[in-house]
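Trainee: In case you want the letters, here they are:
2 protein chains.
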Amino acid sequence: MRLSQYFLPTLKEDPKEAEIASHRLMLRAGMIQQNGAGVYTWLPMGLRVLRKIEAIVRRNQDAAGAQECLMPTIQSADLWKESGRYDAYGKEMLRITDRHDREMLYGPTNEEVITDIFRSHIKSYKDLPKNLYHIQWKFRDEIRPRFGVMRGREFLMKDNYSFDLTKEDAEYSYKKMFLAYLKTFRDLGLRVIPMKADTGPIGGDLSHEFILLAETGESEVFVDAKWNEVDLAGKDIHYNNKPQLEAYFDELTNIYAATDEIHNPETAPKDIIQTRGIEVGHIFYFGTKYSEAMNATVQNKDGKTVPVEMGSYGIGVSRLVGAIIEASHDEAGIKWPSEIAPFDVGIINLKVGDEQTSKLCEDVYTKISATGLDVLYDDRDTSAGAKFANMDLIGAPWQIIVGPKGVKMGMVEMKQRMTGEKFDVKISSLIETITTKLSDLKKGY
Amino acid sequence: MRLSQYFLPTLKEDPKEAEIASHRLMLRAGMIQQNGAGVYTWLPMGLRVLRKIEAIVRRNQDAAGAQECLMPTIQSADLWKESGRYDAYGKEMLRITDRHDREMLYGPTNEEVITDIFRSHIKSYKDLPKNLYHIQWKFRDEIRPRFGVMRGREFLMKDNYSFDLTKEDAEYSYKKMFLAYLKTFRDLGLRVIPMKADTGPIGGDLSHEFILLAETGESEVFVDAKWNEVDLAGKDIHYNNKPQLEAYFDELTNIYAATDEIHNPETAPKDIIQTRGIEVGHIFYFGTKYSEAMNATVQNKDGKTVPVEMGSYGIGVSRLVGAIIEASHDEAGIKWPSEIAPFDVGIINLKVGDEQTSKLCEDVYTKISATGLDVLYDDRDTSAGAKFANMDLIGAPWQIIVGPKGVKMGMVEMKQRMTGEKFDVKISSLIETITTKLSDLKKGY
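Chains A and B, in that order, give the protein sequences. The opening position of the first sequence corresponds to residue -8 in my numbering, with each subsequent residue numbered one higher. The opening position of the second sequence corresponds to residue -8 in my numbering, with each subsequent residue numbered one higher.
Same shape as in the complex, but just chain A (with noise of 0.2 angstroms):
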């Protein structure tokens, strides 16, 4: 992409409304704009980074057997008073009613419709296992929605459900999808950590958070200094495999985290970490308590009906971009992960009206883009510095500097974001260096 085309409207001052550094970044780095109270447009460079998000979180939940579907925003409230939850849920519901003074509501949360759905169609345990997910807009009208995408009010969440026979079999699906958020938060290129967690609202009695660590984070946590030492990715562990996926969930469930809420000094270890973090995702085993209420059942083998136990799965897609930025960002800008940045390489020319120097950047940009890496080339008739800062903001991990002096030595310069490192680069070994540092970012681990 040419900046001089791209719709990028970055800022140069910090604006005044945003109160932490995710929020003032991404207003910024031209990647969101407010509409509402709690409501954004994803800019062009802001949905690139949130597409990114989501098909890492799709190509996850396929692998570990859930299937996807797509709810839609607005549900009808008579699914929610089956439920109970429909006076329940109070003023955060957006609640609506139609020309027709039908009640409805914008989807905080999907329960409700998927067990409508799964009473609609599956009858026998024949048809269990079951987890249906899907990656959709939802609102919920905080009273005061503030920190940008931290905390809006219309965000994308990804949240799944599981429907199985017995408990057993329900608490086996849960432990599916721990490792896959696992598996997911480690693609994104994140350092997050499942703590035990109250299950609120939703019900039941089997729940963990996933909490991003991040200096800036919006909870004080407490985890033990072994959590530096775990496979936090459960790199050999297998979804089919149960005793082997049991073991690892043991494993990891028995080494102290904890929020400020339930920390508890007594019973933590002597060697904690205390710091702070961000939810970005959040799982529920209930059992029976929404298919119990809607009369969701299946016949058990021996004929008898039974009512099918349930989980949910969320994870805050939007809600990601900025944790990612509060994690990883300096006084310049964002620094971003390179598995989910928007652009993996940008180019600055430093004098437009060079030849010798535009032409090289022509070639470097049309060569880099080829190999199917996202480039974005700073071509504007702007002021060397400005570029620099733009760059630094926007966060790609790989920068290409070139400049008449360097062209004419055949050299070039790059910088990678994350450390600041520069060197010189040969520029006839300029693209097999930059393809090379990309995948060796991308397999860090």
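A couple of the hints might just be wrong.
Below, a list of computed lysine-lysine pairs in the DSBU-like style, where the Cα atoms sit at most 30 angstroms apart [to be verified]: (1) B:174 - A:358; (2) B:117 - A:350; (3) A:350 - A:396; (4) B:174 - A:342; (5) B:428 - B:396; (6) B:428 - A:72; (7) B:3 - A:117; (8) A:158 - A:295; (9) B:350 - B:295; (10) A:3 - B:295; (11) B:295 - B:280; (12) B:72 - A:82; (13) B:292 - A:3; (14) B:226 - A:358; (15) A:292 - B:187; (16) B:233 - A:350; (17) B:217 - B:280; (18) B:117 - A:358; (19) B:342 - A:114; (20) A:3 - B:117; (21) A:406 - A:417; (22) B:233 - B:292; (23) B:226 - B:187; (24) A:7 - B:117; (25) B:43 - B:413; (26) A:261 - A:187; (27) A:72 - B:7; (28) A:428 - A:358; (29) A:261 - A:217; (30) A:158 - A:292; (31) B:233 - A:233.
FYI, nobody ran anything at the bench for these hints, they're computed from the structure.
Chain B: place on chain A using the hints.
Mentor: Below, chain B without anything else, positioned relative to chain A:
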């Protein structure tokens, strides 16, 4: 995908509520489930088709130079008051009040929001032209939603918006989108004809509808027989070759094509075809209607401030799923164009209990999947008749039928869903045959 594990709740009986073929077949084939009046869940197989269509639409927008963003579903009423459409839009607009009594709405279209984004960032002719699109859910509170996804209330639309300095530039942008639409529909495997249209509530003085020809379509249409000879995909026309594009636009828009609303037998050519059609796209040039009302201006070369020239362009992505089925089905079920089929190939195992037959099916399933094709393997233990009926209903372009007799002779049967043609193939040459047949289908134009 193994059908025994897939969530594909097909129906044997025609659902009573479905008045038209596409609605009936989408329900019967387990593609959608109704959640409320005009509101649907896309079940896994339905979502596959929706995503394939979306990808083709996106690819053609990108190729034409449009940039993707994503506006929210919930909009502020203020912008609509500014444009003057808040009261004018009537009851089709779903109006919402939040917990702080702010007036909001579920976007039925996005002229106001995009104009607001434009005016916040773009101030100079140097940043023009710009063309921004998104693929997002919309809501129109139809008084009587019906025909399934063909006239739903919550529906997926691709809409984009062009911004230019002059009327001439804006018309060029319009013609680029005209070409992009033709290419999109041809990539979808469809026969779609552009027809001059009224501009309606969007406003403006240049507009075309894109009509998919289908005998069960909603509108009567009259088209010159010459359309059969025209290159409807603009194969050799390039977006950046303005004279060439204009000549092509003039050529096509001079061939008679009219819906019954504007058909005039006196001006129509003699060699005319009367048929039916379904609107699947609509494009508008409306000049400064919104930019004047909302003060979206740019400085021109003389430093003078002028309102920006705009156009808008819509494709009904979810509607297309229904429209395509209307154009391509028979009594037995759906006949998917191979470009957007949810599965390229269906494998029918005629005798699940037979070891040799099942072994061959598994082998074929693994090998075809490995070529990157989407395969649905009917591995259920049900009757051959039920499996044939089910696979015809689902409509995969190719079926591979594997039974014990054939296996003994080293043969399987193949069936092309579109034509009904059947023939036997040696097992040893099956993979080659299927990949050749499918690539033939996909390069059919």
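Trainee: If a hint holds in the structure, say so; if it doesn't, say that too.
Mentor: Going down the list of hints, with the structure as the test:
Using a Cα cut-off of 30 angstroms, the hinted pair residue 174 (chain B) and residue 358 (chain A) holds, with the two alpha carbons roughly 27 angstroms apart. In summary, the hint linking residue 117 (chain B) to residue 350 (chain A) is supported, as the alpha carbons are separated by about 23 angstroms, within the 30 angstroms threshold. Taking the CA atoms of residue 350 (chain A) and residue 396 (chain A), the gap is about 14 angstroms. The hint holds against a cut of 30 angstroms. Taken as a hint, the residue 174 (chain B) and residue 342 (chain A) pair is broken in the structure, with Cα atoms around 39 angstroms apart against an allowance of 30 angstroms.
The suggested pairing of residue 428 (chain B) with residue 396 (chain B) holds, with an alpha-carbon distance near 24 angstroms, which does not exceed 30 angstroms. Proposed proximity of residue 428 (chain B) and residue 72 (chain A) is contradicted: the alpha carbons are some 52 angstroms apart, above 30 angstroms. At most 30 angstroms may separate the alpha-carbon atoms for a hinted pair to count; residue 3 (chain B) and residue 117 (chain A) meet this at roughly 19 angstroms. Among the hinted pairs, residue 158 (chain A) with residue 295 (chain A) is consistent with the structure: their alpha-carbon atoms are about 16 angstroms apart, no more than 30 angstroms.
Between residue 350 (chain B) and residue 295 (chain B), the direct Cα distance comes to roughly 76 angstroms. Violation of the 30 angstroms bound is thereby established for this hinted pair. Taken as a hint, the residue 3 (chain A) and residue 295 (chain B) pair is honoured in the structure, with Cα atoms around 25 angstroms apart against an allowance of 30 angstroms. With a C-alpha separation of about 19 angstroms, the suggested pair residue 295 (chain B) and residue 280 (chain B) falls inside the 30 angstroms cut-off, and the hint holds. Taking the CA atoms of residue 72 (chain B) and residue 82 (chain A), the gap is about 26 angstroms. The hint holds against a cut of 30 angstroms.
Of the pairs offered as hints, the one joining residue 292 (chain B) and residue 3 (chain A) holds, with about 25 angstroms between alpha carbons and a cut-off of 30 angstroms not exceeded. Proposed proximity of residue 226 (chain B) and residue 358 (chain A) is supported: the alpha carbons are some 26 angstroms apart, at most 30 angstroms. The suggested pairing of residue 292 (chain A) with residue 187 (chain B) is violated, with an alpha-carbon distance near 62 angstroms, which exceeds 30 angstroms. Proximity of residue 233 (chain B) to residue 350 (chain A) is assessed by CA-CA distance (about 26 angstroms); at most 30 angstroms being required, the pair is judged to hold.
Proposed proximity of residue 217 (chain B) and residue 280 (chain B) is contradicted: the alpha carbons are some 36 angstroms apart, above 30 angstroms. For the suggested pair residue 117 (chain B) and residue 358 (chain A), the alpha carbons sit about 28 angstroms apart, so the restraint of at most 30 angstroms is met. For the given pair, residue 342 (chain B) sits about 25 angstroms from residue 114 (chain A) by alpha-carbon distance, which is consistent with the 30 angstroms threshold. Distance restraint check for residue 3 (chain A) and residue 117 (chain B): the Cα-Cα separation of roughly 19 angstroms lies within the 30 angstroms cut-off, and the hinted pair is therefore satisfied.
For the hint pairing residue 406 (chain A) with residue 417 (chain A), the CA-to-CA distance comes to about 14 angstroms; that is within 30 angstroms, so the pair holds. Distance restraint check for residue 233 (chain B) and residue 292 (chain B): the Cα-Cα separation of roughly 22 angstroms lies within the 30 angstroms cut-off, and the hinted pair is therefore satisfied. A hinted pair counts as satisfied when its Cα atoms are at most 30 angstroms apart, and residue 226 (chain B) with residue 187 (chain B) qualifies at roughly 22 angstroms. Taken as a hint, the residue 7 (chain A) and residue 117 (chain B) pair is honoured in the structure, with Cα atoms around 28 angstroms apart against an allowance of 30 angstroms.
Taking the CA atoms of residue 43 (chain B) and residue 413 (chain B), the gap is about 27 angstroms. The hint holds against a cut of 30 angstroms. Our distance criterion of 30 angstroms between C-alpha atoms is met by residue 261 (chain A) and residue 187 (chain A), whose separation comes to about 19 angstroms. In summary, the hint linking residue 72 (chain A) to residue 7 (chain B) is supported, as the alpha carbons are separated by about 27 angstroms, within the 30 angstroms threshold. This hinted pair checks out: residue 428 (chain A) and residue 358 (chain A) have alpha carbons roughly 16 angstroms apart, not beyond 30 angstroms.
Proposed proximity of residue 261 (chain A) and residue 217 (chain A) is supported: the alpha carbons are some 11 angstroms apart, at most 30 angstroms. With a C-alpha separation of about 15 angstroms, the suggested pair residue 158 (chain A) and residue 292 (chain A) falls inside the 30 angstroms cut-off, and the hint holds. For a cut-off of 30 angstroms, the pair hint linking residue 233 (chain B) to residue 233 (chain A) is broken: about 63 angstroms separates their Cα positions.
In summary, the structure is inconsistent with hints 4, 6, 9, 15, 17 and 31 from the numbered list given earlier, while agreeing with the others.
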